[in-house]
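Asks: Residue numbers (our numbering), protein chains in the order written: chain D, 1 to 287; chain V, 1 to 285; chain H, 1 to 304.
If you are wondering where the hints come from, they were derived from the structure by calculation, not from laboratory data. A quick note: this is a predicted structure, and the numbers were derived from the prediction, not measured. All C-beta atoms, glycine included, are put in the ideal place defined by N, C-alpha and C. Among the clues, some could well be false.
[Unchecked claim] What the simulated footprint calls covered on chain V by chain D, stretch by stretch (three residues with Cβ under 8 Å from a Cβ of chain D suffice, anywhere in the stretch; the number is not a length):
| id | region |
| --- | --- |
| 1 | 175-183 |
| 2 | 186-198 |
[Claimed, not checked] A short list of chain D residues far from chain H (calculated; beta carbon distances all over 10 Å):
| id | residue |
| --- | --- |
| 3 | ARG121 |
| 4 | SER185 |
| 5 | GLU209 |
| 6 | ASN241 |
| 7 | GLN243 |
| 8 | TYR263 |
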Amino acid sequence: MASAGAPTAPEKLRMTQSAHSRPGRPRENSVNSEEAATKFRVRRLAAWFGSQQVLHGLDLDISKQRVTAIIGPSGCGKSTFIRCLNRMHELVPSARVGGEVRLDDEDIYGPGVDPVLLRRRVGMVFQKPNPFPSMSIRDNVLAGLRLTHQLARAHANEINEKALRSAALWDEVKDRLDEPGAGLSGGQQQRLCIARALAVEPDVLLMDEPCSALDPIATARIEDLIHTLRERYTIVIVTHNMQQAARVSDRTAFLLTGELVEYAPTDRIFTAPSDKRTEDYITGKFG
Amino acid sequence: MKHTGRRGVVIERLFVALCLGAVIVPLGLLLILFADVLSDAVQRLGWAFLTSFPSRKAALAGVYPAFVGTLYLSFITAGLTLPLGVGAAIYLEEYERRGRLANLIELNIANLAGVPSVIYGLLGLGLFVRIAGMGRSLLAGAATLALLVLPIVIMASREALRTVPLSLREGSYALGATRWQTIRQVVLPMAFPGILTGSILAISRAVGETAPLIVVGALTYVTFLPDSLGAPFTALPIQIFNWVSRPQAEFVLNAAAGIVVLLGTMLALNAAAIFLRNRYQKRTY
Amino acid sequence: MLSAAPGGRVHGRSAGLGERLIEVGLLGCGLLSIFTTAGILFVLAIETFAFFREVTLAQFFFDTQWTPLFADKHFGIWPLVSGTVLTSGIAILVALPFGLLAAIYLSEFAEQRVRKVLKPALEILAGVPTIVYGYFALVFVTPILQAMIPGLAGFNSLSAGMIMGMMIIPMISSMTEDALYAVPNSLREGAYALGATRLSTIFRVVLPAAVSGIAASVILAISRAVGETMIVAIAAGQQPRLTLDPRLPVETMTTYIVQVSMGDTPAGTLEYRSIFVVGAALFVMTFTMNFVSQRLTRRYRSAV
Chain D
1 MASAGAPTAP EKLRMTQSAH SRPGRPRENS VNSEEAATKF RVRRLAAWFG SQQVLHGLDL
61 DISKQRVTAI IGPSGCGKST FIRCLNRMHE LVPSARVGGE VRLDDEDIYG PGVDPVLLRR
121 RVGMVFQKPN PFPSMSIRDN VLAGLRLTHQ LARAHANEIN EKALRSAALW DEVKDRLDEP
181 GAGLSGGQQQ RLCIARALAV EPDVLLMDEP CSALDPIATA RIEDLIHTLR ERYTIVIVTH
241 NMQQAARVSD RTAFLLTGEL VEYAPTDRIF TAPSDKRTED YITGKFG
Chain V
1 MKHTGRRGVV IERLFVALCL GAVIVPLGLL LILFADVLSD AVQRLGWAFL TSFPSRKAAL
61 AGVYPAFVGT LYLSFITAGL TLPLGVGAAI YLEEYERRGR LANLIELNIA NLAGVPSVIY
121 GLLGLGLFVR IAGMGRSLLA GAATLALLVL PIVIMASREA LRTVPLSLRE GSYALGATRW
181 QTIRQVVLPM AFPGILTGSI LAISRAVGET APLIVVGALT YVTFLPDSLG APFTALPIQI
241 FNWVSRPQAE FVLNAAAGIV VLLGTMLALN AAAIFLRNRY QKRTY
Chain H
1 MLSAAPGGRV HGRSAGLGER LIEVGLLGCG LLSIFTTAGI LFVLAIETFA FFREVTLAQF
61 FFDTQWTPLF ADKHFGIWPL VSGTVLTSGI AILVALPFGL LAAIYLSEFA EQRVRKVLKP
121 ALEILAGVPT IVYGYFALVF VTPILQAMIP GLAGFNSLSA GMIMGMMIIP MISSMTEDAL
181 YAVPNSLREG AYALGATRLS TIFRVVLPAA VSGIAASVIL AISRAVGETM IVAIAAGQQP
241 RLTLDPRLPV ETMTTYIVQV SMGDTPAGTL EYRSIFVVGA ALFVMTFTMN FVSQRLTRRY
301 RSAV
């Protein structure tokens, strides 16, 4: 499901982006004047389900404290790709990974790396909001710390508030923290899941089509939130919605049948794609 | 359309009625059975029947030690079989989903479910009573029943674990929880009502079992209450069997009253299971 | 091994010893079911071998009397087998028509609403403790039958078998219903399109397509009847007798085990071992039937 209806004019997309006054200039913590530091260095990444290969040797670098969008038609492997970044892919029986993924220059598939510890640094938000139904709002936020026994009781309230504020949910739920998390609206649930992921204090946040189950207003709130979060976190977002990619991301990767077709600054992808297939996709000729 | 005349319609109606009869008649017989038992039982039922020890005089004989024995048995059986059964279910659902070992265990459980209960009695007699040296004790009886209902507990628990959506497990893993942390704090709380319901039904099944307890060596004439796990014991079905096998007709009334107590106990367990399920279902958001 | 990377370590082990011990413990729970099977085989085997050190296989298979509890001991298994076959045969004669017709009703005729009530109601039949059925057979059914059938003994295989049949109706009806349900609707529609009536569709198309599932249910029900203990122990008598006359007292294999157990026989005696031998024979019979039934079930599941 790509952007429905008429092909979108790249110009219009650019206008939408600029409305958010996204800084195009490098920031203080950049390594050089042009590019931010690399968070993930992905080389020859391949992935399989059983004998079916779904990723065919991807090479790309994901910048620190930037928003990187992964777009492409259904089944192109974009979800599988980000699930390789926190080693969730291997939870599926028969799933396999090949190639190399470096996080801050450490091979996350290297010997001695515990995927569980990795996932505490690389948080994830899913397509469908999945708050734990047996837990209250507060318990959901603290779930990550509680699950992993890292919670000091004294800090619980502080961490809870901080995470909910970061997820822009605090004002809406501060009076009903003990109510079930599943009682919130879909958009609130998704922000609760973001708060839950932030409470563990990761440095990366992976978002797998986080707005696909939400209405436009809730979607806008999540997108605003992504803008604030990019100050502190490296964000990789999978989306089937090209306007969303254009609105929220600094760089965009276009995947097609498990291969990386094009990876460039978002403006360039949407205004002057260098590959014919990218152009066909963003102008709605297929997908 | 010459074949579907009026005769055809009549025949079809008759056949449907026959099929419906095949459902209704056995159920009607069951009702008659219950009514018959109840009408025999009323002459004995009462507080005295529940609190009296067995006696050679039918009118004075009660089910007290048998009832207490059944309660003890069901608690000990539950204590043994629940952790083991739920543990096995967790292993099969959460750890070893598709392995060869899981297949073997699965096949084995399916076969165990078809083993006649009297053979579990022989297992208990050979293994617990003799080899493990437990003697003809409460513990040996409960351990035997625990193995008997283990397949039921495992199957019910697996069913309950399967109802927990994969997305919640993923949510937990993505927070950096280990497998056991995920199971303990996310999966089990959600599967708990289902596990509880299935387990209570399994215990209810154990309460109604007679043959394995006879083989393990439950006593039929007990004038004391079991005071430890190693004590001799009796149970409601055993007491009923004893009364129904006596030549004197008046003991049949005791058997009927015993049956009412037994069915009442099982009914209470089933009602508890249904109550818990409804209660927790409402609370699952 | 710790890493000095910013934002925390990824090396090392999150899952400590505790986590691994838990996994081993859970594996142990899973293996317990295998140990149970092994335990059954072991217990039956050692006593059976001990038994056949004193009794020859010829005595076991070619004698026509079973009297291990008398002074003049005979160990011919056939009287117990005939008692078992007779009671189970009567049970299946009762259960088969009821179970089949009930399944046809539930699967082909009943409205969803009616089905939702009747199906679990029918399952209650299998959940009533067998001791209750035994009481019913002895106290209620036998006197009624005696009024109708001259020469019917107080203990007989007829009333025990009939009540046992009532108990196994839901086994046949629910498995058969599954099998009927698995018959694709396209087959039914194909038959209707040819102008077939509902009845001829059921008998010529649906039932034949479900035949292996029905066979599986019947075999499983027979296996259940063969292993059933309390109904026959109470109502069919405790006299081993090589007969197929349903009016006479008989003794089934299961009843024999109960009969000896009631007497508190000391371990190590031939009487004690004889119940394990009978148990082993019973195990072989029921295991074989369960196995065949499972095979048939798998066949229809993969065929449809």
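Asks: Starting from the hint list further up, note which numbers the structure goes against and sort them upward.
Replies: 3
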